[in-house]
Structures are given as structure tokens and as C-alpha cells.
Amino acid sequence: MMKYLCLVYYDEKEIQQLSQQEWDRLNRDCMDCVDDFTQGGHFLDGAPLLSTDAATTLRVRDNKALITDGPFAETKEQLAGFYMLEARDINEAIRLAEKIPPARYGCVEIRPVRELMEQGNSR
Amino acid sequence: MTPSSIEQRIAAIYRNESRRALATLIRLLHGNFDLAEDALQDAFMAALSQWPHDGIPRNPRAWLISTGRFKAIDRVRKNARLEKYLNGLAHTSDIGPESQPWENDEAIEDDQLRLIFTCCHPSLAIESRLALTLREVCGLTTEAIAAAFLVPVPTLAQRIVRAKNKIRDAGIPYEVPAPEALSERLDAVVPVVYLVFNEGYSASGGTEVIRRDLSAEAIRLGRLLHELLPNPEVAGLLALMLLHDARRGGRTNANGDLIPLEEQNRTLWNRAQIREGCDLVVQALRSGPPSAYTLQAAIAAIHAEAPTAEETDWAEITGLYDLLLRINPSPVTALNRAAALAMRDGPEAGLQAIDKLMNHKELQRYHLLHAARADLFRRLNQFQEAIQCYQQALDLAQQEPERRFLQQRLTALQNKNS
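Respectively, the protein sequence lines represent chains Y and R. With my numbering applied, the first sequence covers 1 to 123. With my numbering applied, the second sequence covers 1 to 418.
All clues stand as given, with none of them false.
Heads up, simulated DSSO-like pairs for lysine-lysine below, C-alpha to C-alpha not over 27 Å straight-line: (1) Y/LYS3 / R/LYS166; (2) Y/LYS99 / Y/LYS13; (3) R/LYS166 / Y/LYS99; (4) Y/LYS13 / Y/LYS76.
What the hints contain is simulated information worked out from the structure, not anything from laboratory work.
Chain Y with its partners taken away, still in its complex shape (with noise of 0.2 Å):
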């Protein structure tokens, strides 16, 4: 068994366009992929995220922290949430996350998981 971290991006001022009932219905749908995916023995963790309005970026540079606001790279979409699945292969991965309610706005990253070790770390 493999894991794999799945990130969850999408455009959030497309997102902001949605009524309040659709916002709430595409959570509910989360919640049942949530409920699916740890019968299926698949979820590890996740959670979704407040829109990047509340993010903090910090940096430490020569032992100093700079801090900003926002994330600092002005991309198209933006981090929203994050599954961490286990799955025989990426196969099996890509399958589930085909069925992560935001992919069908925005996009899902899909990253196989290393460990930490001592020594002889993967890159």
C-alpha cells in the first residue's frame, strides 16, 4: 500500500460566484466522499481549508522570520483542501480522486508520500 496526498485546488473567486445553497450542497458532497472513501479504508486525514484571505506565508531567513500575507505566488488556483488516501498504486489513487467533489471546478494534485529517514532520504 502506497500513500498519496491529494491537493485540492481551485479558483477561488469562481468558488465566491456560487449561492450559498451550492457552496453548502458541494460541502455535503465532501463530506459524503469523506464518509465513502474511510469505508472503503482508503481516508487517512484531510481537511478543507478558509480561503487563502486568512493565509500567513512566514519565511526564516538567517535565523529571522519575515512574515507576509497571503500565499506569495500569484497563481490562477488555490490550495483548498487536502485528502491523504492510501491506495495499492496510483491507479487505485487517481480513481479515487476522480471522485473528490471540488475536482470538478478546480484541479486535484495527486503526491505520492515519502518518510523521513535517518539517512539516504528520496528527493
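Since the structure of chain Y is already known, use the hints to place chain R on it.
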């Protein structure tokens, strides 16, 4: 048997069997490409030293796979980093010879499909899919692939290494996709096969021999996919490749210069291959809405069956381009349609259709647009305009055989005009 003849037979076995043996070894070695490649090399080294004394085994492929697998187990035992593969491998070595899965031709074919689908996984970039397929499935050398795609050898070698690393790290499984995912996954395979073919058929780089190998390999892959996964899109792709390739004998003269379709000697076309291609087109057209490959194959079939350029059914070809434009509205397709229209309704109609395409940015720098206009002006005896368009085409053309062709046309017109 003399030593040289047994070596020749081993070389022939290498050519015919090495890719299939590799595909099976990758499965037996749990998807480890590098270990399987080393194992295959070890097996052939063993064959070169043993077969001259012991004779060639009854089933050389099974012998190579079995030997390669044992050599790989040896390698794993000597290498601590590979040790995590050892348990599984030691376990499978208990299987008796009567149940050895590599004796079975069906399993071997499945392994070839597994290899194609793994090398063409959609999570690999198209350039990586292409390089990996040519290296692993077709067995071309890194140097030959680099030459064909005009890429430096280290760049291509690195592309292959990265793709193999991604297969391992992302957990791309060594399997034929499940039926529900098959059509989606074929979408990632089909363009790779067509790119391999096109690289061999057009003249962008590499020697004539490398290019002929690429086309032959693409057709082999197309046949394999078609045999194992009968599907209208694959049938259309195979038909298109067979029909284009059938005209290879008439496309160039002894100097390697291109001969335009209407001037080709049609008796040099491969009739058996045309028949096979036409049958596949009919088969694909009967199985539902046609894919872009099937429509292009249908167009190629009409050309291939016409006794001369004049007797070609240009109305039918124009209609097929209309359908193709609906599925795949690209300016290049629109240009081809305009050329067909010129044959149906005359050069002036063709020029009018091309003029409407002139504001497409991507066509303005496309040499074939200017070459098509030049040809139509030439047919209208408007030599001054034709010369000007040939000159524009020549300024934009990159490939040597095309440049030579355009230069010849230009010189002929300049002589006529002076």
C-alpha cells in the same frame, strides 16, 4: 553448426525475442525496469557462452526469461539496496518448471500490453512516454531515439531515467488498465503510437534507416494493440498508418527527393497493405461514430484506391474533411480541406478558401500554406504570384527534402517566366 552461424541465430533471437522477454521479466521482477534490463543482458551473455556447446533450447524465449530471472535473483542477493525485492522473488522461484508462466504465449502478449500501458501512462509527459516506449517497448537505442527527435543524447537519456523513476516513485502499476478505465488510458497510448509513426514517416531528423524502423515499430505496436484490444479508434489508427506507409515506395526518388502525390508512380504502392488498411477503415466506420484517425484513414484510403490523381473522388474527400473539421477544428485540417476543394471546384475556389485562413496566426508561418497557394497560382498560370509564394514557403520550410522540392518548383517557374 559453425560458430558464426550460431552467433547469427542468437542475434536473430535477440531481435525477435528480447522485447517480449523484457516485458515478462519486468513483471516477474515486480516492475523493476533496471533490474529486468540487466537480467536480460545477463541472460544473453549466458546464451552466448552456453548455446554454442549445448545447442539452442527448444523454447529460447522461455530459457532467456528463466535464466534472466535467476540472474536477477543473484544480483538481488549481492545487493543490499535491492534486498526488499528478495522475499517475493525467492518465493516465486519455488514454482516448478511445468507451471512456469513464461511458457505461455498468452501471458507473454499480456506482458507486452502491460509494458505499453505502463510506458504510456497519462501521468508521464508525452515526451517521456514517447522516449520510454521507443526504448523499452521497441528496443531502440538511446542514440537512435535522440537522433530521430533531434535531441542531445544526454537529454534523452535523462528523460528516460526520470520517467523510470516516476514509474517507481508514483506507484505506476505494471498492469493493463481495468475495462472501465481502458478507453481513457488508450487516449494516452494512441497519440504516442501515431507520433512514433509520424516521426518515421515525415523527414524531420535521423537517417532513412532509423525512420523506417520507427514507422515499422509504430505499425507493429498498432497491430499488437488491435489484436489484443479490438477498438474502433485503434483500428482507425492502424489503418491510417498502413495506408500512409503503403505509399512509401512512391514518395521519394532515388536521390531522396519528395514526389508530390499527383506525380507518384502508383504501381510502386504496396497493394496488399492498402487492402488491409481499407478493410480496417470499413470495420472502424461500422463500429460507431468515427474518430479523427478513422476519418484521416478514410481520406488516405480514397487516395490509395484512386487509379490517378485526376480520377480521385475529391467530393468524397472534401466531405470527409468537413466531418474531420467538426471533430478536430484545427487550421491545418482546414488548409487540407481547402486543397481538396481546389481539386473538386478548381484552383480559384481553393485560393478563396485559403485566403479565409490567412488570419490564423499559426498558419501564417506554416510553409505548407504558402506552398499550397503557390501550387494553385501555378495551376492558374499566374507565375509571378506563384514564384512569390514559393519563395515565402522556402523561407519558412525547415526540412531538407521539402526545401529541395520547393526550390525545384521555384527554379522551374523562374525559367518558365524569363
